[in-house]
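> This is what each chain is made of:
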Amino acid sequence: MKSYNKNTVALHFWIIVVTILWPLYAWAHVGSGEAGGFVTGLQHPISGLDHVIAMLAVGLWGAQLGNPALWLLPVVFPMMMAGGGCLGLLGIPLPGVEVGIAVSAIVLGLMVLAEARLKIYLAMVIVAFFAIFHGHAHGTELPAGQSGLLYSIGFVAATGCLHAVGIAIGLIHRWQVGRLALRGAGSIVCGGGIYFLVRALT
Amino acid sequence: MNRQSITKSKQKIQGIAAALAVLLWPSISQAHLVNTGLGPIYDGISHLAMSPDDLLTALALALLAGLSGARAGRNVLFLLPPIWLLGGLFGLGMKQEIFLPLFSILSFLLTGALVALDRRPPLLLILILTFGFGFLHGFFNGTAMAARAGGGFLALFGISVAVFVLVALISALVVSMRKHWARITVRVAGSWITAIGLLMLGWTYRGMG
Chain F
1 MKSYNKNTVA LHFWIIVVTI LWPLYAWAHV GSGEAGGFVT GLQHPISGLD HVIAMLAVGL
61 WGAQLGNPAL WLLPVVFPMM MAGGGCLGLL GIPLPGVEVG IAVSAIVLGL MVLAEARLKI
121 YLAMVIVAFF AIFHGHAHGT ELPAGQSGLL YSIGFVAATG CLHAVGIAIG LIHRWQVGRL
181 ALRGAGSIVC GGGIYFLVRA LT
Chain G
1001 MNRQSITKSK QKIQGIAAAL AVLLWPSISQ AHLVNTGLGP IYDGISHLAM SPDDLLTALA
1061 LALLAGLSGA RAGRNVLFLL PPIWLLGGLF GLGMKQEIFL PLFSILSFLL TGALVALDRR
1121 PPLLLILILT FGFGFLHGFF NGTAMAARAG GGFLALFGIS VAVFVLVALI SALVVSMRKH
1181 WARITVRVAG SWITAIGLLM LGWTYRGMG
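Chains as they are written, first to last, in the working numbering: chain F, 1 to 202; chain G, 1001 to 1209.
There are no misleading hints in this set.
Pulled from the structure, derived: some chain G residues nowhere near chain F, Cβ distances all over 10 Å:
1) 1040
2) 1041
3) 1098
4) 1103
5) 1128
6) 1132
7) 1178
The calculated lysine-lysine pairs, modelled on DSS-like cross-linking and capped at a C-alpha distance of 30 Å, are:
8) F:6 with G:1010
9) F:6 with G:1012
10) F:6 with G:1008
11) F:119 with G:1179
Calculated from the structure, these hints are not laboratory results.
C-beta atoms are modelled at their ideal positions from N, C-alpha and C, and glycine is treated no differently.
Same shape as in the complex, but just chain F (with noise of 0.2 Å):
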């Protein structure tokens, strides 16, 4: 008899996956003028493995590091990250962009890689510092026609989503097995940023 039910179950699941999938035309929204821009930000952080690597590292130190520096790295990160992106928008140089995003992946993945248990607020310091590099290069590529707003939207979504993603992969950090994979994690990380800082260099 639970089998049947299982069954049942089944069919039903399946009915309504189909009927819910099943393409047909909206036309419900007609988007016009300045409609986009969500989704180019959203899909920008994403877009670049140097930005996505560093992004990841620092959840992944947040969450070695522990409280409070686990909520404080995501919440100043985005802050200094729009604050570099505003100085690029203003037309303020920064010399060395690319050179800086790749050393934030090489620091970040040694601090990952030794567990380095600095003082919150140098590991603060040392992640806004970068961060403003990541937001002077990444921030300010809005392509022509689309809000700048919805485009900010997203670009700040995306990469807070990748620090929670750091985040949660570093919750392994509980298990002997897990601080192991995480400093493994930090390796990987410090090695594709040499790659990038080779790459700014040639």
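On the provided structure of chain F, position chain G as indicated by the hints.
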């Protein structure tokens, strides 16, 4: 499990499946004419979802009120919507559209920063911010409606209703958060709003806001 209860469960599942199938069946809607909109009140209600700058300000004020406790939440809940409406009515009296993007950005940037800091500002400061920013955004909405022959009072009323619902839901949710990590998520949201505001300062300077 006896036979009767199995039959009942089966009927329930079938009923739910049938209801979902009917509700979610996708087909061409054609219910809303682009040129007539949804009617002034619903246009006003949907305005908040379509205007991220208004939405972010109302959201940031709701988060700040919620973080500051139930008293602040109640005060903001019953102050922001009428002030928004009042500002809108003043705006309706204008002959041309007035929009100062810098003030609009500063409203959610500053409020977001206060949320991120979570320093529990005095109630008076929260009320001043609510009054100022609510009036300002309502005023911008009102002048836009006056200039474009928009929905007028009913649309402004719709916006106020949407603001009321948003503040009620968000501030009540935040007030109810007792766990440390839950409050942290609110602060992270505040930092995101601040970050968006900072980027917007740059975009506005570039004339791409």
